[in-house]
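From first to last, the protein sequence lines are chains A and B.
Per our numbering, the first sequence starts with residue 1, numbered consecutively.
Per our numbering, the second sequence starts with residue 1, numbered consecutively.
It cannot be assumed that every hint is accurate.
As the list claims (entries may be wrong) - Keeping only pairs whose Cα atoms sit at most 25 Å apart, straight-line, the calculated SDA-like set for lysine to any residue is:
id: 1; chain 1: B; residue 1: 68; chain 2: A; residue 2: 140
id: 2; chain 1: B; residue 1: 68; chain 2: A; residue 2: 18
id: 3; chain 1: B; residue 1: 160; chain 2: A; residue 2: 139
id: 4; chain 1: B; residue 1: 68; chain 2: A; residue 2: 10
id: 5; chain 1: B; residue 1: 160; chain 2: A; residue 2: 17
id: 6; chain 1: B; residue 1: 68; chain 2: A; residue 2: 162
id: 7; chain 1: B; residue 1: 160; chain 2: B; residue 2: 82
id: 8; chain 1: B; residue 1: 160; chain 2: A; residue 2: 22
id: 9; chain 1: B; residue 1: 68; chain 2: A; residue 2: 20
id: 10; chain 1: B; residue 1: 68; chain 2: A; residue 2: 19
These are calculated hints, taken from the structure and not from any lab test.
Keep in mind the model is a prediction, meaning the values are calculated, not measured.
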Amino acid sequence: MHDRAGLLPEWALAELRRPVATSDALRERVMARIRADSPAAPPAAQPAAALGGAVVAISHGSSAPRRGLRYQLAGALLALAASVAWLAVDSTILQSRSGLDPARGAPAGRMIVLGDTVNSALHDTLRLVRFVFEAPAAARVAIAGDFNGWSRSATPLADSAGSGVWSVVVALDRESTGYAFVVDDTQWVQPGRMAGSAAPARPIPATPVGGDST
Amino acid sequence: MAAVDAQVVRAVLGGDTEAFGVLVDRYHERCLRLALHILGSREDAEDAVQESFLRAYRYLGGYREREKFAAWLYRILVNQCRTMLARRNRREVPMASWEWDTTAAIDVAGSELGALRDELARALDSLSDDQREAVVLRFAEELTYDEMSAITGAGVSALKMRVQRACTRLRELLLESSHA
């Protein structure tokens with residue numbers, strides 16, 4: 001509080017802190033939306049959140065619509081470098097949800113892997129993957145993995161719509177197997193392994209998972 | 001004795017949707033004040049509060065009890081306010097004239113306090129979004145810089161600088177206004 005005195009007039013401070021009038025109507029509107037968003041069945045309690053409570057789903061671009069999967073990569077051609085090589089890719093989406101969605105009662109840690117359907121001859125070399133991470137409370141989200149040397153800042157996700165859904169598209173080689181999301185520079189969330197990869201998730205080196213890293 | 005926030009959260013996650021109303025009752029007034037100061041519009045502020053509570057409910061499983069629920073909720077609200085400000089800026093619509101609470105028990109219309117309130121509103125409006133956010137969190141919500149950092153994602157040093165510059169600007173504007 002040492003910076004308060006003298007920075008602003010007392011009347012201005014009092015005005016800033018003055019309570020505002022609210023109404024029961026606002027409270028009821030909020031609760032009406034909550035109830036409308038609730039499932040018929042009670043939401044499941046949060047499972048053990050060894051990885052920061054992450055819920056992970058990896059899905060195909062043509063999967064049925066559902067909440068959180070609206071950011072789907074439509075299709076298919078990626079111009080790569082100056083070689084004029086075009087890479088046809090499937091709309092593989094890796095999606096991670098920060099925390100349990102009570103309205104859906106989705107189980108944490110669930111991962112669905114649907115294989116790629118890439119037909120290009122370059123299929124075995126590279127694939128285009130979109131990482132999506134829902135975290136409305138996050139200030140920053142990045143993706144780290146063996147493809148970027150496990151850098152917590154090299155591949156940031158963007159929340160361009162301001163909707164709390166962060167995403168980035170990365171061209172990965174087929175050898176990439178391990179990745180994790182880095183939330184607010186400190187919280188590591190490791191969903192699992194890459195879609196279509198037979199390799200198990202690679203442990204994140206030298207950094208704690210699911211906890212603060214200082 | 002009122003249930004602590006973590007107990008309420010556990011009840012909601014256990015299936016008691018109505019328990020979320022305890023958190024709404026507990027925090028919606030403070031959220032509305034914060035949003036009103038940042039957005040300057042009562043209608044926008046109420047929209048931001050509604051959306052933030054809905055998001056908090058949807059992602060309640062991501063809340064960790066070692067963090068204060070209020071701080072977690074504030075982070076969602078601040079992000080929501082930023083989103084609304086960005087949309088407003090993209091539309092290049094000037095910020096609406098500040099709509100301060102006119103339904104308070106004390107009618108200050110036409111009073112000296114009412115004039116001061118208008119001056120402060122105009123002065124806040126002239127700040128950058130970052131500066132206004134910082135000064136409101138610091139002085140309206142009386143948060144520490146560490147708490148502000150956790151909510152905004154900005155560093156403590158940067159926040160101190162923002163607050164200092166915002167206050168300098170506010171003092172200049174209020175002084176100009178009083179001499180006008």
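Hints versus structure:
no.: 1; hint: B:68 x A:140; result: 19 Å, holds
no.: 2; hint: B:68 x A:18; result: 23 Å, holds
no.: 3; hint: B:160 x A:139; result: 18 Å, holds
no.: 4; hint: B:68 x A:10; result: 29 Å, violated
no.: 5; hint: B:160 x A:17; result: 19 Å, holds
no.: 6; hint: B:68 x A:162; result: 24 Å, holds
no.: 7; hint: B:160 x B:82; result: 19 Å, holds
no.: 8; hint: B:160 x A:22; result: 31 Å, violated
no.: 9; hint: B:68 x A:20; result: 23 Å, holds
no.: 10; hint: B:68 x A:19; result: 21 Å, holds
Comparing the model with each earlier hint shows violations of hints 4, 8; every other hint is respected.
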